[in-house]
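2 protein chains.
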Amino acid sequence: MVHSETYEIEPIAHIRTPFPEKFGIPRQSGLVAEAKGTIVFEPKYRDPDALRCIETFSHLWLIWGFSEVEQDEFSPLVRPPRLGGNEKCGVFATRSPFRPNELGLSVVKLDGVEKTKGKGTVLEVSGVDLLDKTPIYDIKPYIPYADAHPDARGGFASDPDEGVLTVDCDDALRERLGDDATAVLAALARDPRPAYHDNPERVYEMRYGARTVRFSVDDGVLTVRSAE
Amino acid sequence: MVHSETYEIEPIAHIRTPFPEKFGIPRQSGLVAEAKGTIVFEPKYRDPDALRCIETFSHLWLIWGFSEVEQDEFSPLVRPPRLGGNEKCGVFATRSPFRPNELGLSVVKLDGVEKTKGKGTVLEVSGVDLLDKTPIYDIKPYIPYADAHPDARGGFASDPDEGVLTVDCDDALRERLGDDATAVLAALARDPRPAYHDNPERVYEMRYGARTVRFSVDDGVLTVRSAE
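Protein chains in written order, with numbering that gives the first Met the number 0: chain A, 0 to 227; chain B, 0 to 227.
Looking at chain A on its own, in the form it has when it is part of the complex:
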């Protein structure tokens, strides 16, 4: 159906993140503060002037695209993982990727504005919850007086620490994870398993940058089995 008010948007940038696959991506931004990303602008928008004053803000909004989602028909109901995957909510009451316009919204911390040789001026950010190479459609400063509502009622997403797992990782494996250990273990604690997976025998695999971690979960305790 052609709609008179359809609007065409194009990426201004892409973000590089340590998440090459959907499995293991934190379910909201900021949950894994250590997860770092680099925003690389498209040549057309690679003008350092477009970033002037940006370092006076500590946080940025990213409006981005759920590039890996394919949805043919509008479905008004989704099953949020936070509700165990068997309860349905309206799509506009969730941040599910399956939505009419596949737009995502994340707030990230701005760690630095860096000039590079091949990619122009890039933004170093952290607390990302985006797949590697996600297209970014807009970047806006976080304005605390307008955006921060710490007393807002958060519905089913009220407690970020509900369902957090205890992570068991022996020293040798932790050492193999090197600099990424803190971020990887924080991401694992957030329980990357799909809702209602609860088979202690099953070994899951999560990728983080070039690393691959295997783990299992039994009774709220996640045990790292291998790290490469």
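Hints in this document: simulated from the structure, not taken from any laboratory.
Hints are not guaranteed to be accurate.
Heads up, the list lumps identical chains together, so a pair's fine if it works in one copy or across two of them.
Unchecked claim - Below 20 Å or equal to it, Euclidean Cα-Cα: the simulated DMTMM-like pairs (lysine to aspartate or glutamate) are:
(1) Lys132 <-> Glu113
(2) Lys43 <-> Asp71
(3) Lys118 <-> Glu4
(4) Lys118 <-> Asp131
(5) Lys87 <-> Glu72
Put chain B on the given structure of chain A with help from the hints.
Relative to chain A, chain B alone:
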């Protein structure tokens, strides 16, 4: 230029607000808490199921379109009104409407979910900073643990009360404004004048719903001259 990653979005809804013109729209959401809006869904998305559980959240994000902005070429620099209009910032360090993808972002309070006869289920919201009939591309719940960063550094937009005017409105005029008096006077206090207008002789006109208010500003005091 055809870009392989352009993405077509379409309005899921339009918002009705008391702001028929750009002049007088609060410069961020929440600044005029009394400014109410009604989100009316497009027939295609007018399914009450899509809103199931939404009332468990107190605030919502709206991703919307700067429908009245026409920009032909990318301009990396803009002049934020908060900086008096003569200082330039990078577009991604501002929420200026003149941006590559003309997407706006606002958080509004959810006041109610109402079934109507002709327009399906609508959302009553407040604290709006949107032009009447603005297209809405997405609605997402506000998740306080991820979205609220009261200690974020807000750059040039740190103090919402900087530049707030004293409003002088006599009782007869206030009475003429009826139920809208609080909202109109709050919007006026935020100084709707373009940056660097400072002519005490000039009479400005602001519309709010069906009302028209005329005022002048002298030395930080706004005086309401007429109200219809």
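Status of each hint after checking the structure:
| no. | hint | in the structure |
| --- | --- | --- |
| 1 | Lys132 <-> Glu113 | within (18 Å within a copy, 40 Å between copies) |
| 2 | Lys43 <-> Asp71 | between (31 Å within a copy, 14 Å between copies) |
| 3 | Lys118 <-> Glu4 | between (34 Å within a copy, 19 Å between copies) |
| 4 | Lys118 <-> Asp131 | within (16 Å within a copy, 41 Å between copies) |
| 5 | Lys87 <-> Glu72 | within (17 Å within a copy, 44 Å between copies) |
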